[in-house]
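Q: Read left to right, the sequence shown gives residues 1 to 135 (this note's numbering).
A hint or two may mislead.
What the hints assert, rightly or not - Computed beta-carbon distance windows for the label pairs: (1) R121 - A74: 48 to 54 Å; (2) T28 - G79: 41 to 47 Å; (3) S25 - S100: 42 to 48 Å; (4) E101 - K27: 46 to 52 Å; (5) G79 - G120: 26 to 32 Å; (6) K27 - R108: 40 to 46 Å; (7) A69 - V116: 15 to 21 Å; (8) D89 - F26: 23 to 29 Å; (9) A74 - G120: 25 to 31 Å.
Source of the hints: derived by calculation from the structure; they are not laboratory data. Ideal Cβ positions, reconstructed from N, Cα and C, are used throughout, including at glycine.
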Amino acid sequence: MLRYMLDTDIKGYIRLRTDAGRPVSFKTVNNWLRAGRLPGARKDDRGVWRIPVDAEPTAAAELATIPPATPAPAVTVAGVLETMPAYLDVPTAARLLGISEHAVRTRRERYRLEPVGERGRLMVPQAVVREVLGA
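Can you build the whole structure from these sequences, using the hints too?
A: Set out below in C-alpha cells:
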C-alpha cells in the first residue's frame, strides 16, 4: 500500500513521497492519474483529484503487451573477424585478444606486427589473431 505525504527537501521545495521514502514527483502522479493507473482515483466537481489512501499504481497497459525479448545470437570471435579486414590495428587486435596494446607492441615477433601504409602504422595480421585464439 502506498501512502503519500508532503515533505520538504533541503532547498525548501515540496516533494511528494511514498511511505517507503521513495520520491515521487507531482508530474509522475498526474501522469498516473491521467492514464488511470491509480484505481479509485477520481476528480471532484472542482477538478481536484481524490486519491484513496490504499491506491497503488498499476502496471501500464503498454508494458503488459511487450513480448519477451528473444535471446541475442551468440557472438563468436570467428564471426567478428569475418567482418574485419585482413590486417587489424593494434588497439582492435588487443581488444580481441583480451590484452593491453602495450603487450601486443612489446611482443612484436609473437603477433607478427607489420608496418602498413605510407606512415608505417603497425598492424596485426588477422590470421595471427585467429591462430592465438584458436578460432
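Q: For each hint, tell me whether it holds in the structure or not.
A: Each hint tested on the structure:
no.	hint	in the structure
1	R121 - A74: 48 to 54 Å	32 Å, violated
2	T28 - G79: 41 to 47 Å	43 Å, holds
3	S25 - S100: 42 to 48 Å	45 Å, holds
4	E101 - K27: 46 to 52 Å	48 Å, holds
5	G79 - G120: 26 to 32 Å	31 Å, holds
6	K27 - R108: 40 to 46 Å	60 Å, violated
7	A69 - V116: 15 to 21 Å	41 Å, violated
8	D89 - F26: 23 to 29 Å	53 Å, violated
9	A74 - G120: 25 to 31 Å	37 Å, violated
Of the numbered hints listed earlier, those contradicted by the structure are 1, 6, 7, 8 and 9.
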